[in-house]
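S.K.: Going down the list, the protein sequences come from chains A and B.
Letter by letter, the first sequence follows residues 1 to 301 in this note's numbering.
Letter by letter, the second sequence follows residues 1 to 94 in this note's numbering.
Keep in mind the hints are simulated off the structure, nothing from the lab.
There's no promise every hint is true.
[What the hints assert, rightly or not] A partial selection of chain A residues facing chain B, derived with a Cβ cut-off under 7 Å:
no. : residue
1   : S69
2   : E75
3   : D77
4   : A79
5   : V191
[To be verified] To be clear about the criterion: a stretch of chain B counts as covered by chain A if any three or more of its residues have a C-beta under 8 Å from a C-beta of chain A, and this derived list gives those stretches:
no. : segment
6   : 19 to 28
7   : 35 to 43
Being a predicted model, the structure only gives us computed values, none of them experimental.
Even glycine gets a Cβ: it sits at the ideal position worked out from N, Cα and C.
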Amino acid sequence: MSFDNAYEALGQTADDDGRWAYGTGFTDPLSTVDRAVPPGVVPEELALYSLMLGDDALVLSQRLSAWCSRGPELEEDVALANIALDLLGQARMLLSRAGDVLGRDEDSLAFLRDEHEFRNVQLCEVTDGPAGRAGVGDFGFAIARLLLFSTWRLALFERLRDSADPVLAAVAAKGVKELAYHRDHAARWTVRLGDGTAESHARMQAGLDAMWPYVDELFEPHEVETRLFAAGVAVDTAALRDPVFAVLDTVLSAATLEPPSARGLARVGGRAGRDGVHTEAMGYLLAELQSVARAYPEAAW
Amino acid sequence: MSESWPLWEVFVRSKRGLNHVHVGSLHAPDAEMAVRNARDLYTRRNEGVSIWVVPSAAITASSPEEKDPFFAPAGDKVYRHPTFYSIPEDVPHL
Numbered sequence: 001m002s003f004d005n006a007y008e009a010l011g012q013t014a015d016d017d018g019r020w021a022y023g024t025g026f027t028d029p030l031s032t033v034d035r036a037v038p039p040g041v042v043p044e045e046l047a048l049y050s051l052m053l054g055d056d057a058l059v060l061s062q063r064l065s066a067w068c069s070r071g072p073e074l075e076e077d078v079a080l081a082n083i084a085l086d087l088l089g090q091a092r093m094l095l096s097r098a099g100d101v102l103g104r105d106e107d108s109l110a111f112l113r114d115e116h117e118f119r120n121v122q123l124c125e126v127t128d129g130p131a132g133r134a135g136v137g138d139f140g141f142a143i144a145r146l147l148l149f150s151t152w153r154l155a156l157f158e159r160l161r162d163s164a165d166p167v168l169a170a171v172a173a174k175g176v177k178e179l180a181y182h183r184d185h186a187a188r189w190t191v192r193l194g195d196g197t198a199e200s201h202a203r204m205q206a207g208l209d210a211m212w213p214y215v216d217e218l219f220e221p222h223e224v225e226t227r228l229f230a231a232g233v234a235v236d237t238a239a240l241r242d243p244v245f246a247v248l249d250t251v252l253s254a255a256t257l258e259p260p261s262a263r264g265l266a267r268v269g270g271r272a273g274r275d276g277v278h279t280e281a282m283g284y285l286l287a288e289l290q291s292v293a294r295a296y297p298e299a300a301w
Numbered sequence: 001m002s003e004s005w006p007l008w009e010v011f012v013r014s015k016r017g018l019n020h021v022h023v024g025s026l027h028a029p030d031a032e033m034a035v036r037n038a039r040d041l042y043t044r045r046n047e048g049v050s051i052w053v054v055p056s057a058a059i060t061a062s063s064p065e066e067k068d069p070f071f072a073p074a075g076d077k078v079y080r081h082p083t084f085y086s087i088p089e090d091v092p093h094l
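I would like the entire structure built from these sequences, with the hints used as guidance.
M.R.: Given below as structure tokens:
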């Protein structure tokens, strides 16, 4: 770690809330935030943008949680589940923001929308490769996707902190700390596997190759994003290409991996995930995500 | 995986001013990942501000067979306990 002597760390200042040893100091980042839609912004467009960012997190959270009990070690199961829960938390705040405008609650948006109504990028929904020994795909694929996604989303959230919408700005301010850890986790595994054995290198490269065609979509703004960027609400995702690739180049070269040359996946009539056009993996994912809520409507426990 | 990662002991300091307390153990291939795994396993509920990890193999423990010579002699020396002082209400962590 960063301290040569463990006692040096004791000099660091930290929040000190009184005499309690455990479990205090929890904060709700949205508790003091004004939820009114900023002037000059079309409410339905703000809702759509919130759905895009929220669905990214919800769908990848679902993919990651499938690794719980299937990771290489128990410790990694918990690490991926923690990341999945961070993303689920982001999804809840963002779907609630969309629900403010649409008059729906977060559960209804998560469980009762159909595939074409989901606005996530396709990178979040594709599988981690053939089921393989783990039964949920290949760990190299999961790490490759997490590296690509968290690098992009961290760059996006760093800029979204300045959004004209106070709710999105607060969600981003909280999310940046989480995403920094997600990227760190994925980058360390990428280097460990890429610069590891011949087997781990080959599987890490295969994961990267498989996820690469879905990267272009991250930098192709939907028309609503473009308009909200002009209004100061959204981030110009096209401008993230250079900073994101600068990070990826650093990680991949440390991992002795080759940046794939594969071109981006063709769009369908110019449309992709942000328009509700998804890959064949999406229907299966939603079936699993939504089945209980649809079988027992309004169920609570 | 044919062989498990080595075992590490984890110590978490919950608040500034308190000492690190042993909270459990975990598996990790090296110290760097051990600290990160400890963060994910043992500080999920706002428990900590600092983590130490130590290879379990580096710990030397007292033996249960030495229990009597080690600990029994302290059992009847009540005068070693500072029970004759009053403790102020507003002093935390005592």
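S.K.: May I ask you to test the interface hint for D77 (chain A) with respect to chain B, counting a Cβ-Cβ separation under 7 Å as satisfied?
M.R.: The hint is violated - D77 (chain A) has no Cβ within 7 Å of chain B, the shortest such distance being about 10 Å.
S.K.: For the segment 35 to 43 of chain B, does the count of residues with a C-beta closer than 8 Å to a C-beta of chain A reach 3?
M.R.: Since three or more residues must qualify, the claim that chain A covers the segment 35 to 43 of chain B holds, with 5 doing so at under 8 Å.
S.K.: Taking 8 Å as the Cβ threshold, is the statement that the segment 19 to 28 of chain B is covered by chain A upheld or broken by the three-residue rule?
M.R.: holds (count 3)
S.K.: How about A79 (chain A): closest beta carbon in chain B under 7 Å, or not?
M.R.: 4 Å, holds
S.K.: Next item in the hint list is V191 (chain A). Is there a CB on chain B closer than 7 Å to its CB?
M.R.: Nearest chain B Cβ about 11 Å off; hint violated.
S.K.: For the hint on S69 (chain A), just tell me whether its beta-carbon gets within less than 7 Å of chain B.
M.R.: The hint is violated - S69 (chain A) has no Cβ within 7 Å of chain B, the shortest such distance being about 14 Å.
S.K.: For the hint on E75 (chain A), does the least C-beta distance to chain B fall short of 7 Å?
M.R.: Hint on E75 (chain A): holds, closest Cβ of chain B at ~4 Å, below 7 Å.
Comparing the model with each numbered hint stated earlier shows that hints 1, 3 and 5 do not hold.
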